[in-house]
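In the order they appear, the protein sequences are chains A and B.
Going by my numbering, the residue at position 170 of the first sequence is 197; the numbering climbs one at a time, nothing skipped.
Going by my numbering, the residue at position 65 of the second sequence is 71; the numbering climbs one at a time, nothing skipped.
Honestly, the hints are just simulated from the structure, not real lab data.
We put the CB at the ideal spot given by N, CA and C, even for glycine.
It cannot be assumed that every hint is accurate.
To be verified - Derived contacts from chain A toward chain B, CB cut-off under 10 Å, selection only: (1) S36; (2) P80; (3) I217.
Said to hold, decoys possible - Here are the simulated DSS-like pairs of lysine-lysine, each with C-alpha atoms no more than 25 Å apart in a straight line: (4) A:K106 with B:K97; (5) A:K145 with B:K15; (6) B:K29 with B:K99; (7) A:K145 with B:K124; (8) A:K313 with A:K64; (9) B:K38 with B:K113; (10) B:K106 with A:K230; (11) B:K17 with B:K113; (12) A:K112 with A:K30; (13) B:K106 with B:K38; (14) B:K69 with B:K17; (15) B:K60 with B:K15; (16) B:K124 with B:K29; (17) A:K257 with A:K174; (18) B:K69 with B:K29; (19) B:K106 with A:K145; (20) B:K69 with A:K219; (21) B:K113 with B:K57; (22) A:K112 with B:K106; (23) B:K15 with B:K124; (24) A:K313 with A:K63; (25) B:K113 with B:K69; (26) A:K233 with A:K219; (27) B:K97 with A:K32.
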Amino acid sequence: MLKNKSIVSIDDVSESDISEIFSVSDRMLNALEAGKKLEMLNGKIMATLFYEPSTRTRLSFESSMHRLGGSVISVSDVKSSSVAKGETLADTIRMAESYSDVIVIRHPLEGAARLASKFSTKPVINAGDGSGQHPTQTLLDLYTMRKYFGKIDGLRIAMVGDLRYGRTVHSLLLALSNFDVEVTLISPQILKMPEHIRERLGKNIKVTSRENLDEKMDEFDVFYVTRIQKERFTDQNEYNSVIGLYSIDADTVGKMKKNAIIMHPLPRVDEIKPEVDYLPNAAYFKQAFYGIPVRMALLSMILGA
Amino acid sequence: METTLKVSKIKDGTVIDHVPAGKALRVVSILKIENNPDVSTTIAMRVQSEKLGKKDVIKVENKYLNRDDLDRISLVAPDATISIVSNYQIKEKFTVKLTKTIVGILKCPNQGCITNVKEPVNSEFSVVSERPLILRCFYCERNMTEKEVLSQL
Ligand SMILES: Nc1ncnc2c1ncn2[C@@H]1O[C@H](COP(=O)(O)OP(=O)(O)O)[C@@H](O)[C@H]1O
Ligand SMILES: [Mg+2]
Ligand SMILES: [Zn+2]
Numbered sequence: 028m029l030k031n032k033s034i035v036s037i038d039d040v041s042e043s044d045i046s047e048i049f050s051v052s053d054r055m056l057n058a059l060e061a062g063k064k065l066e067m068l069n070g071k072i073m074a075t076l077f078y079e080p081s082t083r084t085r086l087s088f089e090s091s092m093h094r095l096g097g098s099v100i101s102v103s104d105v106k107s108s109s110v111a112k113g114e115t116l117a118d119t120i121r122m123a124e125s126y127s128d129v130i131v132i133r134h135p136l137e138g139a140a141r142l143a144s145k146f147s148t149k150p151v152i153n154a155g156d157g158s159g160q161h162p163t164q165t166l167l168d169l170y171t172m173r174k175y176f177g178k179i180d181g182l183r184i185a186m187v188g189d190l191r192y193g194r195t196v197h198s199l200l201l202a203l204s205n206f207d208v209e210v211t212l213i214s215p216q217i218l219k220m221p222e223h224i225r226e227r228l229g230k231n232i233k234v235t236s237r238e239n240l241d242e243k244m245d246e247f248d249v250f251y252v253t254r255i256q257k258e259r260f261t262d263q264n265e266y267n268s269v270i271g272l273y274s275i276d277a278d279t280v281g282k283m284k285k286n287a288i289i290m291h292p293l294p295r296v297d298e299i300k301p302e303v304d305y306l307p308n309a310a311y312f313k314q315a316f317y318g319i320p321v322r323m324a325l326l327s328m329i330l331g332a
Numbered sequence: 007m008e009t010t011l012k013v014s015k016i017k018d019g020t021v022i023d024h025v026p027a028g029k030a031l032r033v034v035s036i037l038k039i040e041n042n043p044d045v046s047t048t049i050a051m052r053v054q055s056e057k058l059g060k061k062d063v064i065k066v067e068n069k070y071l072n073r074d075d076l077d078r079i080s081l082v083a084p085d086a087t088i089s090i091v092s093n094y095q096i097k098e099k100f101t102v103k104l105t106k107t108i109v110g111i112l113k114c115p116n117q118g119c120i121t122n123v124k125e126p127v128n129s130e131f132s133v134v135s136e137r138p139l140i141l142r143c144f145y146c147e148r149n150m151t152e153k154e155v156l157s158q159l
């Protein structure tokens with residue numbers, strides 16, 4: 028039961044919550060595809076507080092709320108308005124909760140959404156906190172896998188690229204550790220999955236890691252690719268050599284299983300070549316679209332329509 | 007056997023024995039007894055102990071400290087023995103145990119954690135494992151190792 032609950036960390040949703048979210052997401056997807064107008068959150072207000080820039084997450088939250096008949100209030104730039112005046116997050120939240128029914132927050136510091144949920148009597152949804160959690164992204168990632176394969180158990184998943192700074196892969200790996208899956212972590216040495224994530228993994232999951240992408244590629248069902256940021260490298264030559272090794276083009280796809288899918292939290296830069304977009308294996312735009320039914324499901328369940 | 011008491015007997019109060027040598031002041035500050043005007047506290051530091059080699063002992067006069075408060079010192083003094091003294095006699099004796107959550111004593115070692123900026127909250131950790139000690143920050147969810155914990159105590 029998610030009614031009135033905050034979703035800060037993927038640990039806040041139980042396994043049964045996840046299956047309920049997925050079946051409600053299926054219904055939302057049907058409604059979207061049928062072009063049906065929904066009114067279930069009529070009169071409800073969602074406040075978005077984004078202390079960090081975002082395109083997809085924010086648009087998709089706002090669109091989801093509108094699709095359900097609710098409305099949205101937001102501060103275009105909380106950072107310069109409230110932070111500059113020295114207001115604490117706790118105070119901003121106390122104010123925002125009195126103006127809205129649910130608060131969506133993105134913040135550069137880890138634990139910010141947990142703090143917000145402590146000061147708010149209204150439910151809080153974490154839209155990303157620093158290099159911490161991003162639970163709604165994780166839910167839509169899981170939903171995408173389930174959509175393509177019918178189930179998550181039994182999948183063999185490769186996570187590729189920047190596994191150190193990318194919070195989506197942290198949340199996703201933690202969530203996957205409650206499923207019966209095999210995960211291979213593929214990244215350059217300096218961008219490995221942090222130990223503080225690996226030490227929290229459940230017992231069921233089998234995790235191995237390696238540096239080389241180009242081997243036994245036909246073993247995986249899912250390639251979850253992340254962006255390798257130039258800024259992470261002090262040596263630009265090193266960046267150039269790494270980016271080549273981890274990028275995916277039509278040839279790379281040719282070495283994959285026929286029905287393997289490629290996911291990416293977006294934005295992608297050079298790690299997936301545009302030619303891949305037209306192959307049936309490219310799942311990343313569909314994945315981004317699934318953010319809508321999943322967030323609609325969450326909002327409707329939390330606000331109890 | 008202790009033949010003499012380095013610190014004189016108290017009539018009523020609480021004795022905290024078997025505090026690791028040198029940690030008495032930290033214990034006093036965790037218990038926040040230093041500012042209480044009605045309480046006299048005597049501290050013996052680095053006295054001989056059969057169990058610990060050297061130890062600290064704290065005697066708090068006219069105050070019966072309660073178990074929940076005393077459990078807060080278990081991070082610093084895991085082997086502490088508590089004696090409640092009434093009319094010069096030990097009325098009750100117990101040990102401290104690690105609390106489920108540790109509030110306000112430690113600082114989260116994660117620089118990117120919200121508890122390390124100016125916000126009106128205490129740090130808060132739950133115990134993931136006792137041996138070896140592993141704590142988890144309630145806010146950023148990062149684990150804190152025994153080494154990191156000890157470096158702050
Ligand atoms: N009336 C008292 N006043 C002050 N300290 C006392 C009193 N009675 C016992 N203590 C102290 O309390 C601690 C526990 O006492 P006791 O049970 O006699 O020793 P132990 O646990 O070492 O066998 C010791 O440090 C002792 O010196
Ligand atoms: Mg003794
Ligand atoms: Zn923390």
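Quiz item: Would the pair B:K106 and A:K145 pass a check requiring their Cα atoms to be no farther apart than 25 Å?
Solution: holds (19 Å)
Quiz item: Hey, A:K145 versus B:K124, does the alpha-carbon distance stay inside 25 Å?
Solution: Since the Cα atoms of A:K145 and B:K124 sit roughly 16 Å apart, the hinted pair holds (cutoff 25 Å).
Practice problem: Take a quick look at whether A:K257 and A:K174 sit within 25 Å of each other, Cα to Cα. | Solution: Distance ~33 Å between A:K257 and A:K174 Cα, so the pair is violated.
Exercise. Would you check the hint for A:K313 and A:K64, treating anything up to 25 Å between C-alpha atoms as holding?
Key: holds (21 Å)
Quiz prompt | Hint consistency between B:K97 and A:K32 [alpha-carbon to alpha-carbon, up to 25 Å] | solution = This hinted pair is violated, its Cα atoms lying about 47 Å apart.
Quiz item: Are A:K313 and A:K63 close enough, with their CA atoms no more than 25 Å apart?
Solution: Within the cut-off at roughly 20 Å; holds.
Quiz item: Should the hint that A:S36 touches chain B count as held when the rule is a Cβ pair under 10 Å?
Solution: holds (6 Å)
Quiz item: Is A:K106 close enough to B:K97, meaning Cα to Cα at most 25 Å?
Solution: violated (58 Å)
Quiz prompt | Pair hint B:K69 and B:K29, alpha-carbon separation not exceeding 25 Å | solution = Status holds; Cα separation ~20 Å.
Quiz item: Does the structure keep A:K233 and A:K219 at a Cα separation of 25 Å or less?
Solution: Roughly 17 Å between the alpha carbons, so the hint for A:K233 and A:K219 holds.
Quiz item: Within 25 Å, alpha carbon to alpha carbon, are B:K29 and B:K99?
Solution: holds (21 Å)
Exercise. Decide if the proposed pair is consistent with the structure: B:K15 and B:K124, CA atoms, cutoff 25 Å inclusive.
Key: violated (45 Å)
When each numbered hint is compared with the structure, violations occur for hints 2, 3, 4, 5, 11, 12, 16, 17, 20, 21, 22, 23, 25 and 27.
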